[in-house]
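Novice: Position chain B relative to chain A; hints supplied.
Number of protein chains: 2
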Amino acid sequence: MARYACKLAYDGTEFSGYQVQPEKRTVQAVVEQALGKIHKGQPVPVTASGRTDAGVHAKAQVIHFDSNLQMEQQNWLQALNVHLPSDVVVEQVSKVDDDFHARFQPIGKEYRYYIHHGDVPNVFRRNHALHSKQPLDVPAMQTAAQYLLGTHDFSAFCAANTAVVDKVRTITNVSIQPNDGELEFSIRGNGFLYNMVRIIVGTLIEVGTGKRTAKEMETILASQDRTQAGKTAAAQGLFLWHVDYETDPFKKEETPG
Amino acid sequence: MARYACKLAYDGTEFSGYQVQPEKRTVQAVVEQALGKIHKGQPVPVTASGRTDAGVHAKAQVIHFDSNLQMEQQNWLQALNVHLPSDVVVEQVSKVDDDFHARFQPIGKEYRYYIHHGDVPNVFRRNHALHSKQPLDVPAMQTAAQYLLGTHDFSAFCAANTAVVDKVRTITNVSIQPNDGELEFSIRGNGFLYNMVRIIVGTLIEVGTGKRTAKEMETILASQDRTQAGKTAAAQGLFLWHVDYETDPFKKEETPG
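Listed in order, the protein sequences are those of chains A and B.
In terms of the numbering used here, the first sequence is residues 1 to 257.
In terms of the numbering used here, the second sequence is residues 1 to 257.
The shape of chain A in the complex, shown without the other chains (with noise of 0.2 Å):
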């Protein structure tokens, strides 16, 4: 047996999410399918960096599974790719060590979200960027953002229903950009809650509208109540963007010498 990481990029738009659900279309089903064909239908279960919602896309997940057949990376790559429907594409694999774990061990995450503004939406940006009517004021979403940088307890933006206890994560980097005739807002940290980046957008898009100032996302911070933030932006405007471990798993090694 050998352990294997996979670099995966989907299109979240026809998924209802990356985890298995009965009688749903999921990221892992359809990869876990491809992995089953490829070993003449032993089943192969996946473990992935942590779960994407319905409609969200993923530039580089991160998974990792076990196998006993021994293939070339570029072989890998080409049997699950033929296995994969058109929106889940594999584009790196490589063999890890055997306590490599996709889940437990990522030291960051990266997540981005677009914003269309016009007064009619990107026909092909569609399911890739939430479309707003309104113009916004970058600064004051740039002002507003500076205050999530730092250990924070992030209550205030965590959906209502999650299970987990510990909410305190590091958000180490934010930027709100204008890129390629949209709004790139690019949020970097150890950890993120359920709905986080999502009601994180959304709370800073009532700053751009001017609903709220800046200097509120301090007091919704601090309040850690769910209720004061503001709405959850829609899941399509959403990627994740990279996931960080200790060790680069997909970094190429060194040919000594």
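Everything labelled a hint here was simulated from the structure, so no lab data went into it.
Identical chains blur together in the list; that is why a pair holds if it fits in one copy or across any two.
Each computed DSSO-like pair below joins lysine-lysine, with the alpha-carbon atoms no more than 27 Å apart:
#	residue 1	residue 2
1	K7	K133
2	K40	K24
3	K251	K7
4	K133	K252
5	K252	K95
6	K95	K133
7	K37	K7
8	K251	K133
9	K37	K133
10	K7	K59
11	K59	K95
12	K24	K37
13	K7	K95
Specialist: Then chain B, alone, in the frame of chain A:
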């Protein structure tokens, strides 16, 4: 009665092309259905600058229709987009002269075609670019493309089953440039034959992979024989990008004074 011109963007992925066909989902059909709803069931036929095939997109298709409804342009925009599915967006509506004709009056068109080159497809561009695993010799393709410039009989680059008799067209501009990790083809001319851009791109790809020399473009063109040219490139990479009229129907009128 007044005549209106609309600029439409659509994602061709889920359409059986532009033109109405029985039992098929087409762009023309959904636009005429939207107009029908706005006109209380009264049929409102629309005329486009030209058809696009199944899977082909439009960044700026132009259509016209006649209506006895009097609305501000902003209200037309809103009323149409409310009744259209999310993969068609009316971006502009303009009241035009009664003799404006979307199909007979274009003086030029621009098409673009996108190719993504890489080991694995870009999942977010799977319906909007052709994926090629083979490296492409871009300078050779650029050299080959230059033979298309000017006025020629383009029979070699026209689907064999076309009814059009005069196959002489003028290409005024052709470029092949790297753009955001993809190869972007832009081709402008006074008119295009059925499948012409896709056959041109398919032939240029064969030059790019070394199957043909750049110089062969000249021979193929001179042959006026479809069987001499390359394969028709896949629909999903193609966009109707712009339609040119002598007077831009969407140009905002200057306020006199």
